[in-house]
Amino acid sequence: MSSAQAPILELHDVSKNFGGVRAVNSLTISMKGSDILGLIGPNGAGKTTVFNLMTGVYPLSSGSIVFDSKDISNLPAHRILESGIARTYQNIRLFESMTVYEHIKFGQNCRLRSRPHGSRRGDLEKSLKEEAEGILDFLGIREQGDMPAHSLPYGQQRRVEIARALASQPRLLLLDEPTAGMNVSEKKEVLEIMRKLHEKGTAILVIEHDMRVVRHTCNRIVMLNFGEKIAEGSPAEIYKDIKAREVYLGKA
Amino acid sequence: MLSSYQEGILIFLGINILLGWSVYLPLSTAQASIGNAGFMAIGAYISSYLTLNVGCPLFLAIILGGLTASLVGLLLGLPALRLRGIYLVMGTLAFGEMVRNIFLNWEFFGGAYGMRGMKGTSLLLVYFWVFFALFCFYILSRSRLRLTLDSIFDDEVVSQLTGTNIVKIKVGAFGFGALLAGIAGGLYAHYMRFIEPGNFSVLLSVYMLLFVIFGGMRTYWGAVLGAAVFTLVPEISRGLKDYRGVFFGGLIIAFMILRPKGLITRDLLKMIFYLPKKKDPLETN
Amino acid sequence: MIIEQLVNAIQIGSTYAVIAIAFTLLIGVLNLLNFAVGEVFMLGSFIGLTLLTLGLPIWLTLLLSMFLSGLICLVIYYFSFDLLKGSPELIPLVSTLGFSILLQNAAGLIWGTERQPFPESVSSQIINFGPIAVSPAQIVIFAVAIILMISLDRFIQKTRIGRGMRAVAENPNTANILGINSRWVIIVTFFASGMLAGASGILFSISYITVEPLIGFHVGIKAIAAMIVGGLGNIRGAIAGGFFIGFLEIMSMHFLGSQFRDIIVYALIFATLVAMPQGLMGVVQQEKGRI
Numbered sequence: 001m002s003s004a005q006a007p008i009l010e011l012h013d014v015s016k017n018f019g020g021v022r023a024v025n026s027l028t029i030s031m032k033g034s035d036i037l038g039l040i041g042p043n044g045a046g047k048t049t050v051f052n053l054m055t056g057v058y059p060l061s062s063g064s065i066v067f068d069s070k071d072i073s074n075l076p077a078h079r080i081l082e083s084g085i086a087r088t089y090q091n092i093r094l095f096e097s098m099t100v101y102e103h104i105k106f107g108q109n110c111r112l113r114s115r116p117h118g119s120r121r122g123d124l125e126k127s128l129k130e131e132a133e134g135i136l137d138f139l140g141i142r143e144q145g146d147m148p149a150h151s152l153p154y155g156q157q158r159r160v161e162i163a164r165a166l167a168s169q170p171r172l173l174l175l176d177e178p179t180a181g182m183n184v185s186e187k188k189e190v191l192e193i194m195r196k197l198h199e200k201g202t203a204i205l206v207i208e209h210d211m212r213v214v215r216h217t218c219n220r221i222v223m224l225n226f227g228e229k230i231a232e233g234s235p236a237e238i239y240k241d242i243k244a245r246e247v248y249l250g251k252a
Numbered sequence: 001m002l003s004s005y006q007e008g009i010l011i012f013l014g015i016n017i018l019l020g021w022s023v024y025l026p027l028s029t030a031q032a033s034i035g036n037a038g039f040m041a042i043g044a045y046i047s048s049y050l051t052l053n054v055g056c057p058l059f060l061a062i063i064l065g066g067l068t069a070s071l072v073g074l075l076l077g078l079p080a081l082r083l084r085g086i087y088l089v090m091g092t093l094a095f096g097e098m099v100r101n102i103f104l105n106w107e108f109f110g111g112a113y114g115m116r117g118m119k120g121t122s123l124l125l126v127y128f129w130v131f132f133a134l135f136c137f138y139i140l141s142r143s144r145l146r147l148t149l150d151s152i153f154d155d156e157v158v159s160q161l162t163g164t165n166i167v168k169i170k171v172g173a174f175g176f177g178a179l180l181a182g183i184a185g186g187l188y189a190h191y192m193r194f195i196e197p198g199n200f201s202v203l204l205s206v207y208m209l210l211f212v213i214f215g216g217m218r219t220y221w222g223a224v225l226g227a228a229v230f231t232l233v234p235e236i237s238r239g240l241k242d243y244r245g246v247f248f249g250g251l252i253i254a255f256m257i258l259r260p261k262g263l264i265t266r267d268l269l270k271m272i273f274y275l276p277k278k279k280d281p282l283e284t285n
Numbered sequence: 001m002i003i004e005q006l007v008n009a010i011q012i013g014s015t016y017a018v019i020a021i022a023f024t025l026l027i028g029v030l031n032l033l034n035f036a037v038g039e040v041f042m043l044g045s046f047i048g049l050t051l052l053t054l055g056l057p058i059w060l061t062l063l064l065s066m067f068l069s070g071l072i073c074l075v076i077y078y079f080s081f082d083l084l085k086g087s088p089e090l091i092p093l094v095s096t097l098g099f100s101i102l103l104q105n106a107a108g109l110i111w112g113t114e115r116q117p118f119p120e121s122v123s124s125q126i127i128n129f130g131p132i133a134v135s136p137a138q139i140v141i142f143a144v145a146i147i148l149m150i151s152l153d154r155f156i157q158k159t160r161i162g163r164g165m166r167a168v169a170e171n172p173n174t175a176n177i178l179g180i181n182s183r184w185v186i187i188v189t190f191f192a193s194g195m196l197a198g199a200s201g202i203l204f205s206i207s208y209i210t211v212e213p214l215i216g217f218h219v220g221i222k223a224i225a226a227m228i229v230g231g232l233g234n235i236r237g238a239i240a241g242g243f244f245i246g247f248l249e250i251m252s253m254h255f256l257g258s259q260f261r262d263i264i265v266y267a268l269i270f271a272t273l274v275a276m277p278q279g280l281m282g283v284v285q286q287e288k289g290r291i
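Chains as they are written, first to last, in this note's numbering: chain A, 1 to 252; chain B, 1 to 285; chain C, 1 to 291.
To be clear, the hints were calculated from the coordinates, so they are not data collected in a lab.
Careful, some of the hints might be misleading.
[To be verified] Below, computed lysine-lysine pairings styled on BS3-like, alpha-carbon distance capped at 30 Å:
(1) A:K129 - B:K168
(2) B:K168 - A:K70
(3) B:K270 - C:K85
(4) A:K70 - A:K32
(5) A:K126 - B:K168
(6) A:K200 - A:K188
(7) A:K196 - A:K105
(8) A:K188 - A:K70
(9) A:K105 - B:K168
(10) C:K85 - B:K261
[Said to hold, decoys possible] Negatives, chain A to chain B, calculated, CB over 12 Å:
(11) P7
(12) H12
(13) R22
(14) T28
(15) K70
(16) S73
(17) G134
(18) A165
(19) R171
(20) M182
(21) G201
(22) F226
(23) S234
(24) A236
Note that beta-carbon positions come from the ideal geometry of N, C-alpha and C, so glycine has one too.
Same shape as in the complex, but just chain A (with noise of 0.2 Å):
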C-alpha cells in the first residue's frame, strides 16, 4: 500500500553521552522513505555522531531508532548493514589491499548471507557480478575497476566509498559530507548521482556543509547545533529561519 508514505527511518529522543558530554540530546528525526534529508549544523554539533548511532558504531544511552519498522536501536553493525542502512565517512576510509572492483565485491558479502535458500550460488554470483559492473558503470569508475583503490585521485576514491555503499543495495544511503574538497564540477558530478539514486527509490541522509549542494538535492532539512534539533523543514522554510536568526542574533 502507501508504504512510500510511512516513514523509513524514525528517531524518537536519542541522546547519547560520552563520560559528562551530552553529544546528541533528545534528537526526534522522521523520514520518509522518498525523502533526501540533509542534516546541517556547525562542526561538533553531532551530525556524524547521529550516524554512528544509527549504524551501530556505539550504542544510544537513551531513546530508540526504528528502520522499516524494525527497532534497529542496539543492533550490531553488521546486522544494521543487512537490514538496510550503508554509508560513507567524513574522511574517506578505503581498503588499502583492495582494487575498486574488490570494494565492491566485499560490500555485497551481506547479500551472498541473506540469500533465499533455494537458490544456488552460482546463479546469485553471475547476477552479483552483473550488479557489480552495473555499480562501476553507474559512478563512472569502470575503467579504474582493477586498479588499487587508494591509488586513485581524491575525487574518484569517494565514488569508490558510494560504490562500496551501494553494493549492499541499501534501503537507506547515509552520506557523510560527499562533497568535501570537490571542485564545483565534482561536485555537481555528486548532485546527479544523488538525483539518480532518489529516483530509484534510495532514501538518502546526506550531512553537509555547503548550502548550495543542500538547497539543490534535500526536499527537507534537519539543523542541528549542541546535539539539539534546532529547525526543521523545507529548504525554503529552513532559508529564512536562518536570515530570520541572522536578523535577530547578527550572523552568529
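The hints should help you fit chains B and C onto chain A, whose structure is shown.
Okay, now just chains B and C, sitting in the frame of chain A:
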C-alpha cells in the same frame, strides 16, 4: 634416496611451515599472537597420550590433538577480541607460558620429565598436511572470505559497518590457527619421540611470528619462505657457533629497518604472476 | 613469620614496581611494548657485577649502571624506533624482540651463560626493630626504589620535558602542534626507561644475590603482569601492580610452593586482560568507534 639427516630437515621444514601458517591466519585479521607454542603443545601432548596409552592410530591422534588445540583456540579467541595490538601480544604471551607451565606441573602428562616413546611421523604424513593446508589456502585466496579478512586487517570498524561479523571471523581465524599449530605439534611429537614442556617456549612462538614477518605477512607464501629460511639458515650458519644468537637478533633488527613488509609482498606476487598476462594497471597512470 | 614474608614482599614488590615503570613509560608515552626492557634490566645487573668486582662502591655502581643502561636503551631507541618511524605497531615490537634475543646472547658471550653470584654489597644481616625483622639490604632496596619513584614523579609533574611526556602520551599530534619537541621527549623517555630498568636489575641482584642472562625474560614477564594488573600506560598502576605481583609471588611460594608461582602470574595476566582490561587503576583505551 634421502639420508635420515636430510629427511629430518625436510620434516622440520614441513612442521615449521604449518607453524608459520598458524600465526599467519590470525595475523591476517590483525591479531598478532606469540602464544601458538601453547597450541602446539596441546596438540603434541594430546596426540602423544592417545597413541601411547589408548592405541589410537597416528593419523587420527594427530587430528584429535589438533581439534583439541583448536577448541582451546576458539575459547581463547573470544576474550582475545577485547585486546588490540600490544595488549593481545601480551595476552597470548601469557597464554603460551601458562600452557607450558601447566604441562610442567601436570604429572599426568609427565611433568618436567615429559612424554617419550612416540613414533610414526613420516615425510609423507607431514607433507600430506602441508599440501592439504596449501590447497585450502589457495582456495581461500581466491574466495570472498579473503576479501573479508583483508577488510578486517585494513580497517576493522569499517569492515563491521560493511556487514562483517567480526566475532565469527576473528575467533574463527584464531581457532583455525590453533588447529594448524596443534597438528604441527602432533607431527613434531611423533618425530622427536620425546617431548617436554621446555620445547614449547615463548621463543618458539616468537620464531613462528618471525617466519611470517620475514617471509611476508599478507600472503600465505610468506610463511613458506620464512619457514624455509629459518629451517635452512641455522644449518648454514653453524659456523657462527656461539655468535648465532647475536647474529640472529641483529638480523631481525636489520630486517625491520630494511624490509618490514617481508620478502614476499602482494605487489611482488602481482609483478611475478600477473605481468605476463595483464598490463599492470599501475602503469597506466 | 608473616611479618617477615610481608617485608620480603615489599622488597621484591618495590623492585618489580621499578621495572614495571620502565615498561610503562614507553607504553604510556609511545604505545610501544619494548620487549628488550627485560634485557636492559639484566644488563644492569651484569654491569653492576663487573663494577663491583672492580671494587667500586655500591652507590657508584648503581649510578653508573643506571647511566649505562640508559645509553643501551638509547641504542634500542635508534634502531627500533627512530629508524622505523611511521611503521605499523607490530614492526617496532618485533624489532625489540630482535634486541631481546641479541642482548641475551651478547650477555652470555661476555659474561657466560651460567648463573653467577652477585657480590654482597649491602649487609643481609637481619636486624630486629621490635616485631619487625629487616636487613639493611632490604631497607636500601626499598629506599632506593621509593627515591626513584618519587624522582620520576617529580620529573614528570614539574619539569618541562616531563610535561612534554604527558602531552605526547595524551596526543602526539597536538603535542607537536603545541611546539613540544617530541623527539627530545621520546629520547628522554627511552633513557629514563633504561635507567629504571638498570636500577631495578641491581636491586634485584642485591635481593637474590645472583645474575644470569635468562633473568631478563622471567622478570620481564612479571613486569608485564604488574603493568596489566595495575593498569597499562599508567605509572601509579605499574607501582601498584609491582607490589601486588611481589606480594602474590611471596605468598604463593610460602603457601603453595614455588612451582605454582609462575602459573599464578600468567593466569593473573590473562584473567585481568579478559575481565578487567583497565587493571586496578587504569582507564580503558577506547579505540573502538573512532570515526
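Hints, verified against the model:
Distance restraint check for A:K129 and B:K168: the Cα-Cα separation of roughly 26 Å lies within the 30 Å cut-off, and the hinted pair is therefore satisfied. Between B:K168 and A:K70 the alpha-carbon distance is near 24 Å, which keeps this suggested pair within the 30 Å criterion. Restraint check: the Cα-Cα separation between B:K270 and C:K85 comes to about 27 Å, which is no more than 30 Å; the hinted pair holds. Pair hint A:K70 plus A:K32 holds up; C-alpha atoms about 14 Å apart against a cutoff of 30 Å.
Restraint check: the Cα-Cα separation between A:K126 and B:K168 comes to about 26 Å, which is no more than 30 Å; the hinted pair holds. A hinted pair counts as satisfied when its Cα atoms are at most 30 Å apart, and A:K200 with A:K188 qualifies at roughly 19 Å. Of the pairs offered as hints, the one joining A:K196 and A:K105 holds, with about 22 Å between alpha carbons and a cut-off of 30 Å not exceeded. Distance check on the hinted pair: A:K188 and A:K70 sit about 35 Å apart at the alpha-carbon level, beyond 30 Å; violated.
Restraint check for A:K105 and B:K168: the C-alpha separation of about 20 Å stays at or below 30 Å, so the hint holds. Distance restraint check for C:K85 and B:K261: the Cα-Cα separation of roughly 14 Å lies within the 30 Å cut-off, and the hinted pair is therefore satisfied. Distance to chain B confirms A:P7 as a non-interface residue, since its nearest Cβ pair spans about 23 Å, more than 12 Å. Taking the minimum C-beta to C-beta distance to chain B, about 23 Å, the non-interface status of A:H12 holds against the 12 Å cut.
Non-interface call for A:R22 relative to chain B: holds, since the shortest CB-CB distance, roughly 23 Å, exceeds 12 Å. Here A:T28 stays apart from chain B, with its beta-carbon at least about 24 Å from theirs, past the 12 Å limit. Against chain B, the non-interface label of A:K70 holds: every CB pair exceeds 12 Å, the least being about 16 Å. No beta-carbon of chain B comes within 12 Å of the beta-carbon of A:S73; the shortest separation is about 16 Å.
Once the 12 Å rule is applied to beta carbons, A:G134 is consistent with being away from chain B; the minimum gap is 19 Å. The beta carbon of A:A165 is not kept farther than 12 Å from every beta carbon of chain B, the shortest such distance being approximately 8 Å. No Cβ of chain B approaches the Cβ of A:R171 within 12 Å, the least distance being about 15 Å, so the stated non-interface status holds. For A:M182, the shortest C-beta to C-beta distance to chain B comes to about 20 Å, beyond the 12 Å cut-off, and the non-interface label holds.
Listed as a non-interface residue, A:G201 keeps its Cβ farther than 12 Å from every Cβ of chain B; the least gap is roughly 21 Å. No beta-carbon of chain B comes within 12 Å of the beta-carbon of A:F226; the shortest separation is about 26 Å. Remark: the non-interface label on A:S234 is consistent with the geometry, its nearest Cβ contact in chain B lying 31 Å away (cut-off 12 Å). Every beta carbon of chain B lies more than 12 Å from that of A:A236, the smallest distance being close to 34 Å; the non-interface claim holds.
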